[in-house]
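2 protein chains.
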Amino acid sequence: MSDSKNLKNLYGVILAGGSGTRFWPLSREMSPKQLLKVFGTESLIWHTIKRILPLVPQEQVYIVSNSKLAVEIRTNLITGKEPFDKVGYLVEPEARNTAPAIGLAALHIESINPDAVMFVLPSDHIIGNPEDFLSSLKHAASLAQAGYLVTLGLKPTRPETGFGYIKVGDPLAEHSTAHPAYIVDRFVEKPDKETAEQYLQSGEYFWNSGMFIFKAKTILDEIKRLMPGLHNTLLRFKELSLDEWGSEKAKDIFCEAESTSIDYGILEKSSNVAVIPVDLDWSDVGSLTAIGDFLEKDGAGNVIVGNVIDAESKNSIIYGEDRLVATLGLEDMIVIDTHDATLVCPRNRAQDVRKIVDVLKAKNAEEYLVHRTMHRPWGCYTLLERGPGFKIKIIEVKPGARLSLQMHHHRSEHWVVISGTARVTRGEEVFNVHVNESTFIPPSTMHRLENPGMIPLKIIEVQNGEYLEEDDIVRTEDDYARR
Amino acid sequence: MSDSKNLKNLYGVILAGGSGTRFWPLSREMSPKQLLKVFGTESLIWHTIKRILPLVPQEQVYIVSNSKLAVEIRTNLITGKEPFDKVGYLVEPEARNTAPAIGLAALHIESINPDAVMFVLPSDHIIGNPEDFLSSLKHAASLAQAGYLVTLGLKPTRPETGFGYIKVGDPLAEHSTAHPAYIVDRFVEKPDKETAEQYLQSGEYFWNSGMFIFKAKTILDEIKRLMPGLHNTLLRFKELSLDEWGSEKAKDIFCEAESTSIDYGILEKSSNVAVIPVDLDWSDVGSLTAIGDFLEKDGAGNVIVGNVIDAESKNSIIYGEDRLVATLGLEDMIVIDTHDATLVCPRNRAQDVRKIVDVLKAKNAEEYLVHRTMHRPWGCYTLLERGPGFKIKIIEVKPGARLSLQMHHHRSEHWVVISGTARVTRGEEVFNVHVNESTFIPPSTMHRLENPGMIPLKIIEVQNGEYLEEDDIVRTEDDYARR
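Just so you know, the sequences run in chain order A and B. Using the working numbering, read the first sequence as starting at 1 and increasing by one per residue. Using the working numbering, read the second sequence as starting at 1 and increasing by one per residue.
Among the hints, a few may not be true.
Note that identical chains are pooled: a pair holds if it fits in a single copy or bridges any two copies.
[Said to hold, decoys possible] Derived DSBU-like pairs: lysine-lysine, alpha-carbon spacing no greater than 30 angstroms straight-line:
| # | residue 1 | residue 2 |
| --- | --- | --- |
| 1 | K363 | K297 |
| 2 | K314 | K355 |
| 3 | K391 | K37 |
| 4 | K314 | K193 |
| 5 | K355 | K297 |
| 6 | K361 | K314 |
Keep in mind that the hints were calculated from the coordinates and are not lab data.
Between the sequences and the hints, there should be enough to build the whole structure, so can you do that?
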């Protein structure tokens with residue numbers, strides 16, 4: 001089996017539906033953990049794709065996510081320093097855990113290439129040694145070609161009680177010292193501390209990484225055998241075009257599928273499951289304490305980022321942006337400051353941030369849903385203030401870029417240019433607005449904002465109206481194919 | 001001595017030059033502790049004046065402060081629910097501690113009324129039992145009439161090491177059980193813990209309250225005798241009008257005066273100093289922990305104010321405004337969140353907030369100087385954002401109020417009305433701007449913003465220009481007599 005043949009059949013399936021609530025307030029429902037740039041200059045999902053590109057062409061990478069989030073992920077990926085604009089998006093009609101999501105991906109990929117091997121990967125992990133990882137993926141791909149459902153088992157480095165484990169069984173026929181591989185004896189749930197210690201000592205247990213490699217056909221066959229209900233649901237998707245996956249109709253069908261993980265629904269019950277032990281510098285970036293693990297510390301063990309003035313703190317994570325954060329005498333604390341929300345908790349309570357998020361979610365609070373600054377393919381906007389009947393934004397448009405030709409039913413907009421030059425389309429007119437000039441867009445008027453210049457265009461937009469939500473927008477032309 | 005005669009001669013001197021750095025970020029250089037409304041609906045200085053009004057007519061109350069701060073204090077006092085618009089302002093040319101400040105006040109008041117008795121009071125304390133306090137002041141005034149320099153000695157309630165103490169000597173001739181009064185044996189510096197315990201046990205030591213009562217003439221005579229240098233400085237102020245006290249000339253003269261407290265310079269050396277023991281529900285509101293002492297606690301001992309979501313914290317102070325603050329599992333912590341800055345420290349480190357402020361002061365940081373929202377006699381403004389060449393504010397004008405007729409050399413202003421109706425003067429034109437309409441003020445153009453309506457006027461102001469500081473303003477007419 002040549003490498004080139006391998007490549008032709010290899011597909012990436014990036015599971016990116018997660019909301020990453022444990023990273024609030026850095027993450028939001030519409031800016032989840034996989035989009036965070038905390039751990040580098042690009043997002044975690046960008047790095048996840050970058051990491052597998054030596055094995056998988058960009059065109060064969062699919063992101064599985066919900067329709068709203070897919071828009072944000074696309075914006076993130078096409079605006080990266082190395083833009084990924086050829087990856088595909090598979091819309092999960094509804095979050096139903098990993099078995100239905102992987103089933104959908106397998107259905108689509110198998111229809112394109114019956115010999116396809118899928119690398120199913122979480123979108124939000126960190127891997128420090130990508131070459132070892134790629135070598136394991138290659139090995140896994142050859143086992144997958146041979147019909148195995150392959151999992152990567154991470155060599156445990158501590159008696160972790162927060163992960164599930166995989167107990168290895170007999171070596172496979174394909175096992176070698178250079179390329180170890182075992183049949184899976186069993187999957188085990190998150191252990192207690194004592195059991196986790198035993199697992200660590202034994203050398204027979206590995207962390208379940210959530211990374212799976214199998215042929216699309218193999219997993220579909222196993223779904224048919226072990227989850228016939230899900231298989232029936234998937235068959236009904238054959239009648240739908242990809243564009244219809246986000247529809248209400250698709251949702252109705254998909255909601256009949258059992259909400260189950262691929263581990264529980266298939267892997268624990270199947271007999272041809274293999275595990276490849278891997279020793280990776282890996283993290284699932286499971287809570288805000290990961291910031292303390294991956295970012296540079298000062299002499300007192302603090303990670304300090306942003307506009308922070310600290311006196312005499314120790315072993316703390318103090319993470320801000322441009323707002324001033326002052327800390328004094330903290331020990332083992334976490335302070336996370338964003339434009340619209342601040343979190344303070346002891347380091348050992350980071351896992352419980354979910355409790356805060358649950359309250360916010362119940363209130364449908366904006367601080368749970370979105371960030372103040374939202375990135376768009378053409379640039380970004382920042383909400384400065386909102387109040388009864390008005391909303392104020394700073395809008396930044398990249399040189400040469402333009403927003404869609406659009407209209408709002410319920411609001412008018414005042415634009416004041418504070419940097420650069422704007423080309424404005426308003427109804428039938430097209431005119432330029434320079435620094436320190438302003439213009440006005442009445443309601444129900446088609447308009448477009450464009451940066452014809454060489455430097456970023458910045459405008460202040462004051463919106464007035466009875467209804468000021470982002471969904472009051474009718475787009476008729478868009479350079480970025482948005483609707 | 002009749003009460004009415006007493007009243008005629010009684011003057012309030014409120015020392016209000018303090019910067020209240022220990023209350024940062026709630027306090028700022030231009031919004032110091034005495035202006036905080038944290039402990040009630042009005043500021044601490046408003047309450048300080050309100051408290052003595054049964055004894056001192058408003059016209060006989062003088063605020064001693066620096067010229068910039070005096071403007072802010074006046075705005076605060078004339079916009080209170082009961083506006084104090086008749087109090088006088090004495091500008092300290094430079095902060096030189098209490099002896100020179102009190103000397104200046106005595107000089108002025110004695111020139112008006114040679115029989116004047118001065119109640120010299122800090123501007124930023126809390127007194128829970130104002131009637132007991134007034135009764136002590138009356139008693140003190142009669143002793144002051146008899147020539148004593150009177151201090152109020154607070155009955156200690158704990159072995160406090162942060163205050164100076166006064167040891168009482170023999171009872172005065174004027175002493176009675178109902179109205180106790182003693183000669184002062186001596187002033188003592190802040191004691192160590194053990195000594196403080198002894199002071200508390202002995203019953204002979206009282207806290208030095210910083211509240212003094214004497215005739216203007218008496219203190220001037222004692223200054224002449226004990227601080228002849230200061231007396232010479234004061235004499236040179238006789239040649240200056242009150243308006244000139246803020247001038248460079250006054251500053252040059254005043255800086256020759258020794259920077260000394262009235263305690264050290266006069267009271268510790270004088271022989272006719274009396275102390276009246278008082279048992280007041282008093283606080284000097286010395287640090288942020290005072291919030292925990294005076295505001296209502298929840299079942300877990302937390303004081304929680306503002307847009308806060310807390311889970312499982314104990315004995316903590318979590319004080320915010322409308323930005324979201326989320327806290328989880330804090331114990332004995334302080335979190336203070338304001339629009340532009342957040343402070344986090346353990347409760348027992350509140351005294352050290354000064355360390356943060358020192359850093360900010362050295363950087364001349366805006367977060368040390370001013371709040372995002374600044375109150376003005378006509379309403380208020382809030383800075384939303386500033387960047388290179390632009391500044392965005394929300395301006396709120398009270399019904400019937402108007403800003404000064406003014407001009408800026410270096411900036412133009414775009415105004416968008418978001419609520420109410422604006423009457424705009426621009427050069428020779430006067431016109432109304434309604435909700436959702438905008439106008440533009442070019443540089444070097446006289447203009448005025450007015451609210452002719454019955455509801456608050458709110459506008460968004462976008463300033464453009466090379467220089468956007470608040471001091472680029474030329475006022476030609478002002479309803480509030482500002483320059």
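We went through each hint and held it up to the structure:
1. K363 with K297: Between. Shortest inter-copy distance 24 angstroms satisfies the 30 angstroms Cα cut-off; intra-copy 36 angstroms does not.
2. K314 with K355: Classified as both: same-chain Cα gap 26 angstroms, cross-chain 16 angstroms, threshold 30 angstroms.
3. K391 with K37: both (27 angstroms within a copy, 28 angstroms between copies)
4. K314 with K193: Intra 27 angstroms, inter 28 angstroms, cutoff 30 angstroms: intra and inter.
5. K355 with K297: Classified as both: same-chain Cα gap 28 angstroms, cross-chain 22 angstroms, threshold 30 angstroms.
6. K361 with K314: Classified as between; 24 angstroms across copies, 32 angstroms inside a copy.
Comparing the model with each earlier hint shows no violations; every hint is respected.
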